[in-house]
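**Student:** Could you put the whole structure together from the sequences, leaning on the hints where they help?
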Amino acid sequence: MLRLLDIEFHKLRYSRSAKILVFSYFILLSFIALIASIEFNIGSLEFRVADQGIFNFPFIWHFNAYIASFLKLFLAIVIVSMISNEYSNRTLKQNLIDGLSKKEFISSKFLTVLVLSVASTLFLFILSLILGLSFSDDTEVAVIFSDMEYIFAYFLNLTGFFAFCMFAGMLIKRSAFALGFIFIWWVLENIAYGILKWRLFRETEIADKIAGFFPLEAMSKLLVEPFSRLGAVQMAATQIGSAIEKDYSVHLTDILIVLGWTVIFVFLSYKLLKKRDL
Amino acid sequence: MLGAIFFKNKLSVLNSVTKAYLSSHITNISSILETILKISRLTKKFGSLTAVDQLSFSIQKGNVYGILGPNGSGKSTTLGMILNVVNKTSGDFSWFEGFESTHEALKKVGAIIEHPNFYPYMTAVQNLELVCKIKGVKKERIEEKLKIVNLLDRKDSKFRTFSLGMKQRLAIASALLNDPEILILDEPTNGLDPEGIHQIREIIRKIAAGGTTILLASHLLDEVEKVCTHVVIIGKGKKLYSGPVDGINASHGFFELKAKNTDLLIQILEGHPHIAKVSEKDGLVTAILADPMEPETINEYIFEKGLSLSYLVKRRESLEEQFLELTKQTHSA
Numbered sequence: 001m002l003r004l005l006d007i008e009f010h011k012l013r014y015s016r017s018a019k020i021l022v023f024s025y026f027i028l029l030s031f032i033a034l035i036a037s038i039e040f041n042i043g044s045l046e047f048r049v050a051d052q053g054i055f056n057f058p059f060i061w062h063f064n065a066y067i068a069s070f071l072k073l074f075l076a077i078v079i080v081s082m083i084s085n086e087y088s089n090r091t092l093k094q095n096l097i098d099g100l101s102k103k104e105f106i107s108s109k110f111l112t113v114l115v116l117s118v119a120s121t122l123f124l125f126i127l128s129l130i131l132g133l134s135f136s137d138d139t140e141v142a143v144i145f146s147d148m149e150y151i152f153a154y155f156l157n158l159t160g161f162f163a164f165c166m167f168a169g170m171l172i173k174r175s176a177f178a179l180g181f182i183f184i185w186w187v188l189e190n191i192a193y194g195i196l197k198w199r200l201f202r203e204t205e206i207a208d209k210i211a212g213f214f215p216l217e218a219m220s221k222l223l224v225e226p227f228s229r230l231g232a233v234q235m236a237a238t239q240i241g242s243a244i245e246k247d248y249s250v251h252l253t254d255i256l257i258v259l260g261w262t263v264i265f266v267f268l269s270y271k272l273l274k275k276r277d278l
Numbered sequence: 001m002l003g004a005i006f007f008k009n010k011l012s013v014l015n016s017v018t019k020a021y022l023s024s025h026i027t028n029i030s031s032i033l034e035t036i037l038k039i040s041r042l043t044k045k046f047g048s049l050t051a052v053d054q055l056s057f058s059i060q061k062g063n064v065y066g067i068l069g070p071n072g073s074g075k076s077t078t079l080g081m082i083l084n085v086v087n088k089t090s091g092d093f094s095w096f097e098g099f100e101s102t103h104e105a106l107k108k109v110g111a112i113i114e115h116p117n118f119y120p121y122m123t124a125v126q127n128l129e130l131v132c133k134i135k136g137v138k139k140e141r142i143e144e145k146l147k148i149v150n151l152l153d154r155k156d157s158k159f160r161t162f163s164l165g166m167k168q169r170l171a172i173a174s175a176l177l178n179d180p181e182i183l184i185l186d187e188p189t190n191g192l193d194p195e196g197i198h199q200i201r202e203i204i205r206k207i208a209a210g211g212t213t214i215l216l217a218s219h220l221l222d223e224v225e226k227v228c229t230h231v232v233i234i235g236k237g238k239k240l241y242s243g244p245v246d247g248i249n250a251s252h253g254f255f256e257l258k259a260k261n262t263d264l265l266i267q268i269l270e271g272h273p274h275i276a277k278v279s280e281k282d283g284l285v286t287a288i289l290a291d292p293m294e295p296e297t298i299n300e301y302i303f304e305k306g307l308s309l310s311y312l313v314k315r316r317e318s319l320e321e322q323f324l325e326l327t328k329q330t331h332s333a
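First to last, the sequence lines map onto chains A and B.
Mapping to the numbering used here: the first sequence position 230 is 230, numbers consecutive.
Mapping to the numbering used here: the second sequence position 114 is 114, numbers consecutive.
You may find that some hints are simply not true.
Stated by the list, open to error - Calculated pairs, DSS-like style, for lysine-lysine (alpha carbon to alpha carbon, straight line, at most 27 Å):
| id | chain 1 | residue 1 | chain 2 | residue 2 |
| --- | --- | --- | --- | --- |
| 1 | B | K88 | A | K275 |
| 2 | A | K103 | B | K38 |
| 3 | A | K275 | B | K206 |
| 4 | B | K88 | A | K271 |
| 5 | B | K38 | A | K274 |
| 6 | A | K275 | B | K258 |
| 7 | A | K173 | A | K274 |
| 8 | B | K133 | A | K275 |
| 9 | B | K108 | B | K147 |
| 10 | A | K173 | B | K158 |
| 11 | B | K226 | B | K206 |
Claimed, not checked - Just some of the chain A residues that point at chain B, by a computed CB distance under 10 Å:
| id | residue |
| --- | --- |
| 12 | R16 |
| 13 | L28 |
| 14 | L96 |
| 15 | E189 |
| 16 | R199 |
| 17 | E203 |
| 18 | K271 |
As the list claims (entries may be wrong) - Restraint ranges, calculated between C-beta atoms of paired labels, are given here:
| id | chain 1 | residue 1 | chain 2 | residue 2 | range |
| --- | --- | --- | --- | --- | --- |
| 19 | B | D153 | A | L12 | 26 to 34 Å |
| 20 | B | D153 | A | L73 | 23 to 31 Å |
| 21 | A | F31 | B | D193 | 48 to 56 Å |
| 22 | A | F31 | B | T89 | 51 to 59 Å |
| 23 | A | A36 | B | E144 | 55 to 63 Å |
| 24 | A | L2 | B | T89 | 35 to 43 Å |
These are calculated hints, taken from the structure and not from any lab test.
What you are looking at is a predicted structure, and each value in this text was computed from that prediction instead of being measured.
From the three backbone atoms N, C-alpha and C, an ideal C-beta is built for every residue, glycine too.
**Tutor:** See below:
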């Protein structure tokens, strides 16, 4: 396993574009901290984002995980191109000739996906911990380490999405088209949902249930938007007389669906490679 | 058994002069030599097209093999299958008598297929380090191998800055990293300029002299003729011939003759029992022999029949002519 990671790391280490993308990803990730310094001055009213409770434990886990999950697109580019470049440089063929098995090739790519997801999750965990300790009203240990499932959901969100990217790269073989494929897939999921919701199963929950099985939809359901949980927003809502009732928790079904898709994507990538003549 | 070991060592120091002489003896004892690769009834179909058709041959340690065939005859597909990058349709192959899986066996093989494939953003050394990691060999050999292919002074240049000849040489260095049991080369001189071709052939010759088993696929006859001891000729995916390179020249050759009275000459020749076929073109008569015969004999025979020759030459078919003859047969078949 270490040998496979070593091989893949060797490939990425010398690629300037991969290095730039990974570095800028982690730099952008740490920019979440900058939200703390956002201040508005509306007349005499001074408004500081950090004071609105977004950095309160345990809410910060949810909030940061949600914001950070958008930045995964940077790493998605790295993952798609680390697959498709093997095709366009024909190095995949050479790797196999040199004695790497197809299984080892897929394993080395998926291990890299796991390492990137773990690294990103760890980074987010430490960043949130520091931010929380600086700004949170409540710093009891029991409170700090509650709601940790959002960090796990973040990890799964990344892993599932990257597995999808890996599969897209294997299927399409060209980075730009593979990224296009991911975008088109997202559009198709939304169209399919629209048709289900507004044509086939009007005014029922069936459409949402079915859409919950779509890979990208299931991944995004892992992390529900956290903004309406904020005290200020809740207050505003009650004032206009519509209390927000929403389930923000991480559901086991969603976890299982994303895990399922991850396995399917890795397995399909392997099957695809196995079947292909290079 | 001692004899076999002795012979193996002997084989490894063969030079090109004794190679040809020994090759007939080698085939006799080949069954006790180590088999590196055995292919049996290997077949590949792309849709309705059969690219490789029931191909069988085996490769013994210490020989230099050539796979000869025109473009599109299935050479690369065959190599692709044994190298784990093309899926076979049916048939079988086994590396090193089948004791290990294909990808494990490939770690003991050095192979270059058509284009040199490396990571363009890495330097020569970085690329070779990666190959070392895949094959599980020590990095210490990199400099030594780069020296063999004359790339030591460019070792820290990025691969994308290399010329085709340099890329091909780097590919050879990469294939040699694990001191392979067998070196497989697919059209190694394709697209190179004369100097590049010369350099590559010199390198191949050196490696062959060191006793490494080589499998060389080519559509160039003189390349195969110059380097190989054994040849497998394929056309349209079928095996047409396999055996020692000299074996292909086993025919008795032919005479080229000229006389003032061409019609009489043809008539006399057709009457001779040892002549299989007579043809004529622009006054030059070609007589193909059915049995061995010296030019003196035919000269005397014709003179006795009352005709003087103005021109007589005995020739053997070149490998090229025989190769064309062989591949033509499959076209008409």
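**Student:** Would you check the hint for K226(B) and K206(B), treating anything up to 27 Å between C-alpha atoms as holding?
**Tutor:** Given that 27 Å is the threshold and the Cα spacing comes to 13 Å, the pair holds.
**Student:** With the threshold set at 27 Å, check whether the alpha-carbon distance from K88(B) to K275(A) stays at or below it.
**Tutor:** holds, 10 Å
**Student:** Against chain B, with CB atoms and a cut of 10 Å, does the hint on E189(A) hold up?
**Tutor:** violated, 33 Å
**Student:** Taking only the CA atoms, is the gap from K173(A) to K274(A) under or equal to 27 Å?
**Tutor:** holds, 15 Å
**Student:** Tell me if E203(A) is really an interface residue toward chain B, meaning its C-beta lies closer than 10 Å to one of theirs.
**Tutor:** violated, 51 Å
**Student:** Measuring from beta carbon to beta carbon, are F31(A) and T89(B) in 51 to 59 Å?
**Tutor:** holds, 55 Å
**Student:** Need the status of pair K108(B), K147(B): alpha-carbon distance at most 27 Å?
**Tutor:** Within the cut-off at roughly 21 Å; holds.
**Student:** Are R16(A) and chain B close enough, Cβ to Cβ, to be under 10 Å, as the hint says?
**Tutor:** holds, 7 Å
**Student:** Mind checking the alpha carbons of K103(A) and K38(B) for me, to see if they're no more than 27 Å apart?
**Tutor:** holds, 25 Å
**Student:** Could you see if the CB distance from A36(A) to E144(B) stays within 55 to 63 Å?
**Tutor:** holds, 57 Å
**Student:** Measure nothing beyond the straight line between the CA atoms of K133(B) and K275(A); if it is 27 Å or shorter, mark the hint as holding.
**Tutor:** holds, 26 Å
**Student:** Hint check: K38(B) vs K274(A), CA-CA at most 27 Å. Holds or violated?
**Tutor:** Distance ~23 Å between K38(B) and K274(A) Cα, so the pair holds.
Consistency with the previously given hints fails for numbers 3, 6, 13, 15, 16, 17, 18, 20, ordered from lowest to highest.
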